[in-house]
Amino acid sequence: MADLELDSLTKIFHDGDDEIVAVDDVSVSIDDGEFVVVVGPSGCGKSTTLRMVAGLESVTSGTIRLDGESIEDVKSQNRDIAMVFQSYALYPHMTVRGNMAFGLEESTDLPDDEIQRRVEETAELLDIPELLDRKPTELSGGQQQRVALGRAIVRDPAVFLMDEPLSNLDAKLRAQMRTELQRLQEDLGVTTVYVTHDQTEAMTMGDRIAILDGGRLQQVATPLKCYHEPANRFVAGFLGEPAMNFFDVEHRDGTLVAAAFEYPISDDVAADLGSTRELVLGIRPEAVEIGGSVTDEHHFGMTVDVVEPMGDENTVYLTFGDEATETNTLVATTGGMRQISAGQSVVAHIPEDAIHVFDRTSGRALHNRRVKSEDVAEIGPE
Amino acid sequence: MPGIVSRLRRAVGGDSDTTADTTGTDARPDGGTVTEGTRRERRGPIERVGQSLDDRFGGDFVESLPFWLPPFLLMGLFVYGAIVWNLLISLTDYQGFAQAPDYGNLDFEMYVRAATDSGVIDATINTFILIVAFTSATLVIGLALAILIDRGIRFENTFRTIYLLPMSLSFVVTAQFWLWMYNFNNGVVNIALGTFGIGPIDWIGNSSIVLWAVIFALVWQFSGYAMVVYLAGLRAIPSEHYEAAKVDGASTLRMYRRVIIPQLKGATISASVVLMVFALKAFDFLYSLVSNFRPPNGADILATKMVREAYSNQNWAFGAAIAIILFAMALSIIGPYLVYQYRRGNL
Chain A
4 MADLELDSLT KIFHDGDDEI VAVDDVSVSI DDGEFVVVVG PSGCGKSTTL RMVAGLESVT
64 SGTIRLDGES IEDVKSQNRD IAMVFQSYAL YPHMTVRGNM AFGLEESTDL PDDEIQRRVE
124 ETAELLDIPE LLDRKPTELS GGQQQRVALG RAIVRDPAVF LMDEPLSNLD AKLRAQMRTE
184 LQRLQEDLGV TTVYVTHDQT EAMTMGDRIA ILDGGRLQQV ATPLKCYHEP ANRFVAGFLG
244 EPAMNFFDVE HRDGTLVAAA FEYPISDDVA ADLGSTRELV LGIRPEAVEI GGSVTDEHHF
304 GMTVDVVEPM GDENTVYLTF GDEATETNTL VATTGGMRQI SAGQSVVAHI PEDAIHVFDR
364 TSGRALHNRR VKSEDVAEIG PE
Chain B
1143 MPGIVSRLRR AVGGDSDTTA DTTGTDARPD GGTVTEGTRR ERRGPIERVG QSLDDRFGGD
1203 FVESLPFWLP PFLLMGLFVY GAIVWNLLIS LTDYQGFAQA PDYGNLDFEM YVRAATDSGV
1263 IDATINTFIL IVAFTSATLV IGLALAILID RGIRFENTFR TIYLLPMSLS FVVTAQFWLW
1323 MYNFNNGVVN IALGTFGIGP IDWIGNSSIV LWAVIFALVW QFSGYAMVVY LAGLRAIPSE
1383 HYEAAKVDGA STLRMYRRVI IPQLKGATIS ASVVLMVFAL KAFDFLYSLV SNFRPPNGAD
1443 ILATKMVREA YSNQNWAFGA AIAIILFAMA LSIIGPYLVY QYRRGNL
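Line order of the protein sequences matches chains A and B. Basically the working numbering = 1-based index in the first sequence + 3. Basically the working numbering = 1-based index in the second sequence + 1142.
Please note: incorrect hints may appear among the correct ones.
Said to hold, decoys possible - Distance condition first, Cα-Cα at most 25 Å in a straight line; then the derived SDA-like pairs of lysine to any residue:
hint, chain 1, residue 1, chain 2, residue 2
1, A, K138, B, G1487
2, A, K138, B, I1379
3, B, K1407, A, L135
4, A, K138, B, I1411
5, A, K138, B, Y1482
6, A, K78, B, Y1479
7, A, K78, B, Y1398
8, A, K138, B, N1325
9, A, K78, B, I1379
10, A, K138, B, R1396
11, B, K1423, B, N1348
12, A, K78, B, I1225
13, B, K1407, A, E141
14, A, K78, B, R1400
15, A, K78, B, S1393
16, B, K1407, A, T98
17, A, K138, B, L1480
18, A, K138, B, R1486
19, A, K138, B, P1404
20, B, K1407, A, R100
21, A, K78, B, S1381
22, A, K78, B, R1399
23, A, K78, B, P1404
24, A, K138, B, T1394
25, B, K1407, A, H96
26, A, K78, B, R1396
27, A, K138, B, E1382
28, B, K1423, B, N1325
29, A, K78, B, G1294
30, A, K138, B, I1295
31, B, K1407, A, S143
32, A, K78, B, I1295
33, B, K1407, A, R137
34, B, K1407, A, M97
35, A, K78, B, D1292
36, A, K138, B, K1423
37, A, K138, B, Y1384
38, A, K78, B, A1286
I should point out that these hints are in silico values taken from the structure, not numbers from a laboratory.
Make a model of the complete structure from these sequences and hints.
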């Protein structure tokens, strides 16, 4: 149990004369017992960050502090840290018991019976006591996953590091393990850094999420804050499925002019935008309301291009004109029971309190959607 | 090919009903005309025999005969037939050029003689020492080299080639230049040791040293091979296992001892079988060392003893008995390995 602090952490790989900056000046401080999910597209440096914390990768510059003490020069085996690997990395020649006991045998001076007691206790906690005397090759993927978790839990380390631990499981098992992992982490109260590329895992599991892109930290905040108040266009587009709609717009006297439509904005929003004219308008698919009639300039007559029924909801691709092009397609979601078909003409409402506006050059969010006061309390301060 | 066979069968078996055969061929485009029910009534005798053989040994038995039968017969005759014949000779009292072996009077006299012959006992002990010491030393050195090379050192490929090169030399070459290196007066080994004030040592002449000198030369030649086998094994272990062990708190030494080396069990088994077989073949090396069947005192092994008894002393039956003892030793090494591989489904 400890708090973990990454301070201006940087990793540069050298490939011949080329320098590849994998992690660029990342600073995050993680409280004791907190579950932080590091998320980003592949190659964003999230795994490298985790491996630096584990001591498997050297630190080019910056500091990693565990309970206030910098550990970047401490050997991996001496950092009180347990890691769960994507491939589980179970030792194939040892039984499950051997796998789980290994870490305790190597890192502590505990007597054998105490080690066995802890292994059995952990196996009980993970509901795998009947697997203890089997070899990893005799286990299913889900069982191996549990053993890999058990191997980390039994150590009772200061920090858990998890490198995409659920990505080798099928969808159903993954959802189940997601919940279970959350419950476990809450019970154990161990500081956890969890790396994933899966935004669902990031949204559902973390106390906070840290979003990385190209080695740079984009935003660290609670999942809901990242979702509703993204710091920039990358975060807005990365979180949410289907992704947020983006339209390149120009600000002309209180109106956002896009290629396919014009969107008038209130003075409040205009004040947020300042003098920037090259902008991007963002709207989440679920914020688009379909139906009703054209009552103001935020309603648009549109044509349904494609409908993707998902059961609980439909993903609807709407176009401003007849032809679907890159710039005039709006994605919306509607209730699954709603009858809607391709070719139909509908009215789409883009409510002004749900729009996001980003600076087109820097990507920075200038205006985020308004969140109702009770939601704000839930999102909380960063 | 099956088409030819069926035509052949038809010709021999006198089956003239070509219409039935054509429909049969149409129904089985893969050419398998053997189990055609429509033609059951009209088959010739050869076809009937072929049919029963196919039922017994699987569908392609007769068709595949031309491919596997010749090597099968040649192997059977010259390898296994020779072993059986050798066993028979070892049970006779055959010696000298005078008469043909007398197969009418078989007994185990030669084996009793071998068990009481001090030369054979010494040779057996030496063979055993050679197998065990050579194999284990080669494995240990090979493993150490493989681990060092696997740590991502510079010029890795160059080192790998350098270590593997001695393996490509023939025993004769190795024997020749170790003979020179071990030379009492001006061999490089004694000169090198002499600079430290040790020696000179009579590597070949001293009967209590010569076997170890031979083992050392053989280890030098084959540790590269063990290294390559281990390297392949090491490359098959995912890097996460090293990392997991490190994060689990194991030091490098303990990581290798507890996580990595146990996973090289398969590589160890295959390498040791090959090395033990090479150890049994050390005959070439010893023969080249002295250019005759009489190795230096203290380095006699079963193979040299056998050849010497048979071809120098014309004790054919005695030599054959030693050969069978050697064969039994080889079998006791290979046999468990074959069983192990068979259990794992590799055979």
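Status of the hints after comparison with the structure:
1. Proposed proximity of K138 of chain A and G1487 of chain B is supported: the alpha carbons are some 18 Å apart, at most 25 Å.
2. At most 25 Å may separate the alpha-carbon atoms for a hinted pair to count; K138 of chain A and I1379 of chain B meet this at roughly 17 Å.
3. A hinted pair counts as satisfied when its Cα atoms are at most 25 Å apart, and K1407 of chain B with L135 of chain A qualifies at roughly 23 Å.
4. For the suggested pair K138 of chain A and I1411 of chain B, the alpha carbons sit about 21 Å apart, so the restraint of at most 25 Å is met.
5. In summary, the hint linking K138 of chain A to Y1482 of chain B is supported, as the alpha carbons are separated by about 19 Å, within the 25 Å threshold.
6. For the proposed pair K78 of chain A and Y1479 of chain B, the alpha carbon gap of about 41 Å is over 25 Å, so the pair is violated.
7. For the proposed pair K78 of chain A and Y1398 of chain B, the alpha carbon gap of about 17 Å is at most 25 Å, so the pair holds.
8. Proposed proximity of K138 of chain A and N1325 of chain B is contradicted: the alpha carbons are some 54 Å apart, above 25 Å.
9. A C-alpha spacing of about 22 Å is found between K78 of chain A and I1379 of chain B, which places the hinted pair at or below 25 Å, so the restraint holds.
10. In summary, the hint linking K138 of chain A to R1396 of chain B is supported, as the alpha carbons are separated by about 21 Å, within the 25 Å threshold.
11. At roughly 23 Å between alpha-carbon atoms, K1423 of chain B and N1348 of chain B fall within 25 Å of each other, so this suggested pair holds.
12. Between K78 of chain A and I1225 of chain B the CA atoms are separated by roughly 60 Å; this puts the pair beyond 25 Å, and the hint is violated.
13. Of the pairs offered as hints, the one joining K1407 of chain B and E141 of chain A holds, with about 19 Å between alpha carbons and a cut-off of 25 Å not exceeded.
14. A distance of roughly 19 Å separates the Cα atoms of K78 of chain A and R1400 of chain B; the hinted pair therefore holds under the 25 Å criterion.
15. This hinted pair checks out: K78 of chain A and S1393 of chain B have alpha carbons roughly 10 Å apart, not beyond 25 Å.
16. As the CA atoms of K1407 of chain B and T98 of chain A are separated by approximately 16 Å, the hinted pair is consistent with the 25 Å bound.
17. Distance restraint check for K138 of chain A and L1480 of chain B: the Cα-Cα separation of roughly 24 Å lies within the 25 Å cut-off, and the hinted pair is therefore satisfied.
18. Between K138 of chain A and R1486 of chain B the CA atoms are separated by roughly 16 Å; this keeps the pair inside 25 Å, and the hint holds.
19. Using a Cα cut-off of 25 Å, the hinted pair K138 of chain A and P1404 of chain B holds, with the two alpha carbons roughly 14 Å apart.
20. The suggested pairing of K1407 of chain B with R100 of chain A holds, with an alpha-carbon distance near 20 Å, which does not exceed 25 Å.
21. Between the alpha carbons of K78 of chain A and S1381 of chain B the distance comes to roughly 17 Å, so the proposed pair stays at or under 25 Å and holds.
22. Note on K78 of chain A and R1399 of chain B: the hinted pairing holds, with a Cα-Cα distance of about 19 Å set against a maximum of 25 Å.
23. A threshold of 25 Å between alpha carbons decides the hint, and for K78 of chain A with P1404 of chain B the separation of about 24 Å falls inside it, so the pair holds.
24. Straight-line distance between C-alpha atoms of K138 of chain A and T1394 of chain B comes to about 24 Å, which keeps the hinted pair within the 25 Å bound.
25. Restraint check: the Cα-Cα separation between K1407 of chain B and H96 of chain A comes to about 9 Å, which is no more than 25 Å; the hinted pair holds.
26. As the CA atoms of K78 of chain A and R1396 of chain B are separated by approximately 15 Å, the hinted pair is consistent with the 25 Å bound.
27. Restraint check for K138 of chain A and E1382 of chain B: satisfied, since their Cα atoms lie roughly 18 Å apart, inside the 25 Å limit.
28. For the hint linking K1423 of chain B to N1325 of chain B, the alpha-carbon distance of about 24 Å falls within 25 Å, and the restraint holds.
29. Between the alpha carbons of K78 of chain A and G1294 of chain B the distance comes to roughly 19 Å, so the proposed pair stays at or under 25 Å and holds.
30. Annotation: proposed proximity of K138 of chain A to I1295 of chain B is violated, straight-line Cα distance about 33 Å (limit 25 Å).
31. Between the alpha carbons of K1407 of chain B and S143 of chain A the distance comes to roughly 24 Å, so the proposed pair stays at or under 25 Å and holds.
32. Between K78 of chain A and I1295 of chain B the alpha-carbon distance is near 21 Å, which keeps this suggested pair within the 25 Å criterion.
33. Taking the CA atoms of K1407 of chain B and R137 of chain A, the gap is near 19 Å; set against the 25 Å cutoff, the hint holds.
34. Taken as a hint, the K1407 of chain B and M97 of chain A pair is honoured in the structure, with Cα atoms around 13 Å apart against an allowance of 25 Å.
35. Annotation: proposed proximity of K78 of chain A to D1292 of chain B holds, straight-line Cα distance about 21 Å (limit 25 Å).
36. The straight-line distance between the Cα atoms of K138 of chain A and K1423 of chain B is roughly 39 Å, outside the 25 Å bound, and the hint therefore fails.
37. The straight-line distance between the Cα atoms of K138 of chain A and Y1384 of chain B is roughly 19 Å, inside the 25 Å bound, and the hint therefore holds.
38. Taken as a hint, the K78 of chain A and A1286 of chain B pair is honoured in the structure, with Cα atoms around 24 Å apart against an allowance of 25 Å.
Of the numbered hints listed earlier, those contradicted by the structure are 6, 8, 12, 30, 36.
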